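*Asks:* Single-letter residue listing:
4 protein chains.
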Amino acid sequence: MAIKTVDEYRERISKLKPRLFIGGKKVEKLADHPITKGVVEATAKVYELTLDPQYDDIMTATSHLTGETISRSLHIHQSTQDLEKRLEMARLSSQKLGTCNYRCPGNEMLPGLAATTWEIDKDKGTEYYKRFTEYLKHAQKEDLVVSGSVTDTKGDRSKRPLDQDPDSYVHVVEKRSDGIIVSGAKQHTTAGYAADENLILPGLSCRRGEEDYALAFAVPNGSEGITYIGQYNPYSVEREYADDIRYVGNPIYGQRETCIIVLDRVFVPWERVFMCGEIEYTQKFIRRFAKTHRMNCGGACKVGFMDLIIGATQLIAEYNGISKASHIVDKITRMIKLNNTSLACAIAAAHMGNEEPLGSGVFMPDEAMSNLAKLDTNDGFWEVIALAGDIAGGIAVTMPGEMELENPEIGEYVSKYLKSAVSAKKRMRIARFIQNWVAGLHGVATYQGAGPSQNEMLILYRTTDLEEKKRMAEELANMTSREFYNSLKT
Amino acid sequence: MAIKTVDEYRERISKLKPRLFIGGKKVEKLADHPITKGVVEATAKVYELTLDPQYDDIMTATSHLTGETISRSLHIHQSTQDLEKRLEMARLSSQKLGTCNYRCPGNEMLPGLAATTWEIDKDKGTEYYKRFTEYLKHAQKEDLVVSGSVTDTKGDRSKRPLDQDPDSYVHVVEKRSDGIIVSGAKQHTTAGYAADENLILPGLSCRRGEEDYALAFAVPNGSEGITYIGQYNPYSVEREYADDIRYVGNPIYGQRETCIIVLDRVFVPWERVFMCGEIEYTQKFIRRFAKTHRMNCGGACKVGFMDLIIGATQLIAEYNGISKASHIVDKITRMIKLNNTSLACAIAAAHMGNEEPLGSGVFMPDEAMSNLAKLDTNDGFWEVIALAGDIAGGIAVTMPGEMELENPEIGEYVSKYLKSAVSAKKRMRIARFIQNWVAGLHGVATYQGAGPSQNEMLILYRTTDLEEKKRMAEELANMTSREFYNSLKT
Amino acid sequence: MAIKTVDEYRERISKLKPRLFIGGKKVEKLADHPITKGVVEATAKVYELTLDPQYDDIMTATSHLTGETISRSLHIHQSTQDLEKRLEMARLSSQKLGTCNYRCPGNEMLPGLAATTWEIDKDKGTEYYKRFTEYLKHAQKEDLVVSGSVTDTKGDRSKRPLDQDPDSYVHVVEKRSDGIIVSGAKQHTTAGYAADENLILPGLSCRRGEEDYALAFAVPNGSEGITYIGQYNPYSVEREYADDIRYVGNPIYGQRETCIIVLDRVFVPWERVFMCGEIEYTQKFIRRFAKTHRMNCGGACKVGFMDLIIGATQLIAEYNGISKASHIVDKITRMIKLNNTSLACAIAAAHMGNEEPLGSGVFMPDEAMSNLAKLDTNDGFWEVIALAGDIAGGIAVTMPGEMELENPEIGEYVSKYLKSAVSAKKRMRIARFIQNWVAGLHGVATYQGAGPSQNEMLILYRTTDLEEKKRMAEELANMTSREFYNSLKT
Amino acid sequence: MAIKTVDEYRERISKLKPRLFIGGKKVEKLADHPITKGVVEATAKVYELTLDPQYDDIMTATSHLTGETISRSLHIHQSTQDLEKRLEMARLSSQKLGTCNYRCPGNEMLPGLAATTWEIDKDKGTEYYKRFTEYLKHAQKEDLVVSGSVTDTKGDRSKRPLDQDPDSYVHVVEKRSDGIIVSGAKQHTTAGYAADENLILPGLSCRRGEEDYALAFAVPNGSEGITYIGQYNPYSVEREYADDIRYVGNPIYGQRETCIIVLDRVFVPWERVFMCGEIEYTQKFIRRFAKTHRMNCGGACKVGFMDLIIGATQLIAEYNGISKASHIVDKITRMIKLNNTSLACAIAAAHMGNEEPLGSGVFMPDEAMSNLAKLDTNDGFWEVIALAGDIAGGIAVTMPGEMELENPEIGEYVSKYLKSAVSAKKRMRIARFIQNWVAGLHGVATYQGAGPSQNEMLILYRTTDLEEKKRMAEELANMTSREFYNSLKT
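Protein chains in written order, with my numbering: chain A, 639 to 1128; chain B, 639 to 1128; chain C, 639 to 1128; chain D, 639 to 1128.
Don't take each hint at face value.
If chains are identical, the list can't say which one is meant, so a pair holds when it fits in one copy or spans any two.
DSSO-like, lysine-lysine: derived pairs with alpha carbons at most 30 Å apart [as the list claims (entries may be wrong)]:
| id | residue 1 | residue 2 |
| --- | --- | --- |
| 1 | Lys1063 | Lys663 |
| 2 | Lys675 | Lys1054 |
| 3 | Lys653 | Lys675 |
| 4 | Lys1054 | Lys667 |
| 5 | Lys675 | Lys663 |
| 6 | Lys723 | Lys779 |
| 7 | Lys655 | Lys813 |
Think of the hints as simulated: they come from the structure by calculation, not from any bench.
Model, not experiment: these values are computed from the prediction.
Construct the entire structure; sequences and hints are all you get.
*Replies:* This is how it looks when you write it as structure tokens:
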């Protein structure tokens, strides 16, 4: 079995030396820094769940390359059942972490990369798929954390890469016999600095002339020329300066931490290059990645988050003594409805999945349904947090810190005046947990993660066969008969 | 193969003699009366589709009783695949008919009835399931049209049956050695008068003392004591007086036609009685029926309707020359989104289905997902028709009749001033088809069919495990640790 | 006082001889034909309300031309108070008629026409305003019904008038010394055939070369060359063939009746021509008309309709015995919320109104607010009818005809099985009234009347000062300081 | 003129010595502490605006007590014009501060208190109004900052005050000849610690037996027995530890700061007691306060916030080079629509206001419209921030800190990779400003401020005359005629 233990993971992570900056300072030890520590803990938890027998079916899979039991985080879906297990993994890890499963985004790129490299090789006689397969075997064998980056920094979105600073999109700056030199930066990368490997994949549907931008490769963490710049926001500062992390919203695992990965003339040997110049495959890769990502991250992951939010909201309603009021029951039911709708779309996406391309052995979710999962989640998640905020009430944003309970001067006041049907401590703890969702980063992150709503709308429109629907209507309206046709001529 | 041809069906229907009144007059021949004719045509079309090889997989099934190929309209789901085929049948027939598949509602009661009679027999040693099985074999063999009625007329909804006119709900008024005498009436029955058989099933979750109301049975069309009273509305009158039905909205199949079935001391022999007094099984039956119905009628059937509406709306947009405008594309995409959401829920309901009760062999859709399918459809369908109305514009309600095209005095004016990018005839035809949806009965019928939204909300709330969600939140908020527990005591 | 009595109105209408076709047949007497009779009755009711002392303040005004008391239907707003009274008139007449106040659309064009002709005369030395003033004095003195038509038939919306059949938009075909000859047709005209006068006004924002289409004029009903073609739909047929109109939805006043007005080389003398060739004023007129119309028809008129729908829905809930259920109260409250939101926007539009152009004495509603009134109403009205349909339930579409109560064969059944907390007759009567809204023409008509939502969106965007909002944000984000400016340079 | 300068205000605030704790520590100097400093700056800005001639009309009023020019923050509305000016003040201060105008909540209680004390005196011969008038004269003369507190801490919401810890609601614990002793605590008080005076008013509609809770009074900041406990959350920590406040979201004025005010046996002399035991007036006061608050805080204040959010979102769209894309224009327009809807309701509330009680001279907004303003804002504000998040994209939550621009090791990377159509600095600055809204406290605060949505729903239902609407429907459905009445009897 090619699955590593938590301790092995911690050991490995302790050796990473990424060049990482957060909040104006260099981060020295990932496992100690108050912000990156949460990333390490979350990832460790995923390793723990993977070896937990009760989640065996969800968290592990059988490698199609080696036949060994591997982490599902490194698996390429071989069936619709695999797609379903994959979404269950996304939901489960969200329920357990309340933040990103940092092995997830990288994993979502693997099937699209497998499918597309297979197709390029088949069409062009290249050997990308062969390289990728070797690479994947290595990752599976070592049970590595692989991050994935797609979104370029883009600069002015109204301009193509060659019409502005060419580094606005990651690209080849030099080709050598032993490999390539690349420059540019990717943004929104979930904790790339804490991964063993960074996958860098095309985020732009390239046109002729943009061959240098049609580029997929992998680099190990800390390769020369790579700098990571971490996000920094009120939730970062809270964690940075917390005397006691029990008093912050998601105490152990924190927020979803992302970074910009700057690639400043980074060398990549050819065996780690999986696409280089094949512009006509960039959009194929992007749509394959997107549909996988939108089923999981857009759909199932947020279902897990909504499970937590619903649970916490029901708790605060009970704590406040209002959980039986009809308007509270209605609102909780509405939250359930929105959550289940996202789940239904993700399940439909998996269940309607197909091998793509035929012969590759790679299974992909249904494109319309996976895009729909993301689209329904965009609106649904915002409404769920709105309802949670409405039910929790002002306390979710106006509450003092839990440390005041131990302040000898006012602890008794806080204890007395923040108690409800339960003690102040319980109430404050869950209110802070809710704050994390209703006044935090996850709302916007839900829109951003897996792409903005307009992208899903476009795909939905394009994947729909309007001609067929038109024909159905014409047939029923009796417009397809010879008689009708003749009547038009007169 | 136990499947009858269209001609056999037409032959059979021509012999039915229901006591039926519509619009103040008695209907003599179902196949000739302008309103009931549409029902006959729609049902005939279903027989036609059943024998059409291209729909074989969807429209037929293998009887678990006889092993014969039968119409899926008389099948009891034996697997989740059966549930999926069943919802495909609902969508297909909606696409082909633009109105009710009149074999559908009855079919949706059969699995719930099979499951519940099986369970009663198992629990109580009765022989309802045996009777039902015999009855079903007969129906399958003759390939009968079986209507189903659940909704009582109810009188004052704030009162139980025994606190008001006892006939407000169908009940036993006398038990005899050879059978029972029943009275009461069911409403919203889709074309019971044109079915070979009428299933009458409990619509009330009965309490102690209401044993006479816990009642399930079948009666043949036209049994003594049965009177059908058909719906009557502007769409009825339009069809009643149309000189040329090509000029009405859904020319061949018309609106969904329903009726009240009055049972005035109707005799039912014991072999057709499938429940009689077992109050504790009424709610079980209702929930089983409801979840089947909400997946199909609530979900998939309306998906078929929305396919038609989207197709027609795209046509009128093209006819008007505006189909490329960004706001039109956005609205069409929104319609697609709503449609696919309903479909996803129905698919999830089928795919997550289970045998229920264990050992019965009957498969039921997932209860939360099927209720969700209906709930999402309620709002989605209304929004779809709103968008269709918005895109089609005023012509959908202010248009003159198509017969004016042939009026020698003004035909040329109509032809000249109602043409657009296409001829006036095409534009008027599709506008009338759209009118049928956006200014017709289907909007409200979508809320009513398969039950009002509040019912689905209740089920959704009840089927959700809030305790589990609470535990997840507590765990992440670090409220399940011994340390936290201890801190509460101080 | 220049206000005519109902009898005077009926007398006058009895003399009209429009060339009118409905449902394939020529209409001979407006007051007798079952469809046009409703229009006459509705208009008669408006005359009656105008002379009813309790509505004096709302229904009448003082002419700024003659100082006489006139019907507000012929008044030009002289103040924001006038705008407010105007919207109260719209709401009141909707409450009383449940359909169009047929004097309303014409009235909504008068202020825009007054303002624009005044402006053209001022800018160009023409005498349109003078002609218009004489014309208005005449209309006020005789208390005439003036219909208004703006929407051309348009043909292919992707083409300008000169790129297709030139008659797709009303235009001048010949200029003579004594007047002009015009051709084309207007659609969606509310009952133009039953008005004394037809105003024909520009519906296209004309460009250079389209001078012949920049055209405003008035013609008397029945002028030579004018043909009216009435709308025809299920609600038309219902009324056409009803034995007893008490049994239809809005028994006395019916649906909103519209027609196409065909102008086939109609002669208009110069004194009735109010714009002819001044392309740069067409958009000005349209925006002025639109903002007036959107406040009244888009906003207040539908508020009156929603008042009726809410009332009827509350009645059916009481009749069914469910009016105290929390979900019913919630839904009724939601309907109230939507209704009041439309009202608030209309009131804000009136209250924020201004004299436009300065010096003209004509008051116009605030453009953003009046467009908003329509926009909020579009969505709100649909949701209100959805909620009414949800609460009323299936009976709103599956009910038999009320005439069945008098059918000796089944009257007692109907009476017994359709009673609830009240008699079947009351319940059926109000259910039919609700059907009229939830399964009728008003839903789409609400989108269409006063223009599709996209138009209001465009105006809202254009009337908003985004630069000012940007400046506010920049100032608070400390981006307007010299210090920030300097920091950018480094 | 009784208006103080900013310097006078700063001087006065520097002398306040509240017993205040934030984040586990005692706050010593309000003007220096990084969190409370923002409150002082915001209040100072309000003093500045009050003396700014261009806002004269909005920010000042004429005292009805003294005839002097006073700050509108201490004015009692004497007309609907005053109500309109009041909402303009709310919008203006939100635009200028991007957070709470800390003089606002107290001001919103003054008219309700004036009206209710006037009414009690009239009904009961007490002298509350006289005391209140003297108190108000003093506040106006000294131009004091008066905070207002209504919301008790409540404990278990399912219990009345006497069924749980009696201090869950503020109440009288002892009556003396010279005054009363009160205990309890109020929560959600906007910056009570930085006000000269704290108004403490009833938040519970009291029943018989709860006389001790029917209590209104004023106490000076820092009275013996008063402790303030400030809110503490990620945004607090960010500000607490910021090296450079320019890099936080709303740099100068910060978040809305609230606190719990604990009253531990506080003495209040009789001349500062405005209600004591008159239970039947508690609900009257609450509804008066609520409708004032819902017009301003629920409506207009958030309109000002939405102005800022729309401006910032338009900026980021321009910075990213996407502001002309049709879906961006649509979303911006949608934001405008939601904003204007809130504004329209607030304007209607003011314009439809009335003197209440008659004779008191106090003007109150229309109750339905003001509640509607809050209700529309609840949903509208959440959707506006959702749209802002959608348009701004991931950068709003994944961005590094602006200080990185000055980090010599990576400043150039940040500058290069975060630039777009504008420099990284501009883009980061506005993105941080947006973060403040889309990932901050304002979303939930909007629900909480002025009360949860269910409260407004209840008022809307209660203030609507459903009987009148029912009558309208019955009349049109021809159910009020003698003929119909007679037909029921047969």
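*Asks:* Each hint: holds or not?
*Replies:* Against the structure, the hints come out as follows:
1. When the C-alpha separation of Lys1063 and Lys663 is checked against a cutoff of 30 Å, the pair qualifies only between copies, where the shortest distance is 19 Å, while the shortest distance within a copy is 34 Å.
2. In the homo-oligomer, the alpha carbons of Lys675 and Lys1054 lie at most 30 Å apart only across protomers (29 Å), although the nearest pairing inside one protomer, at 35 Å, exceeds that limit.
3. Only within a single protomer do Lys653 and Lys675 lie at most 30 Å apart by alpha-carbon distance; the minimum there is 14 Å, versus 44 Å between protomers.
4. Taking CA atoms no more than 30 Å apart as the test, Lys1054 paired with Lys667 passes between copies only; the shortest distance there is 27 Å, against 41 Å inside one copy.
5. For the identical chains of this complex, Lys675 and Lys663 are neighbours both inside a copy (15 Å) and across copies (27 Å), given an alpha-carbon limit of 30 Å.
6. Taking identical chains as interchangeable, the C-alpha atoms of Lys723 and Lys779 lie at most 30 Å apart only when both belong to the same chain, with a minimum of 21 Å there against 42 Å between chains.
7. For a Cα distance limit of 30 Å, the shortest separation of Lys655 from Lys813 inside one copy, 27 Å, qualifies, whereas the shortest one across copies, 70 Å, does not.
Checked against the numbered hints above, the structure breaks none of them.
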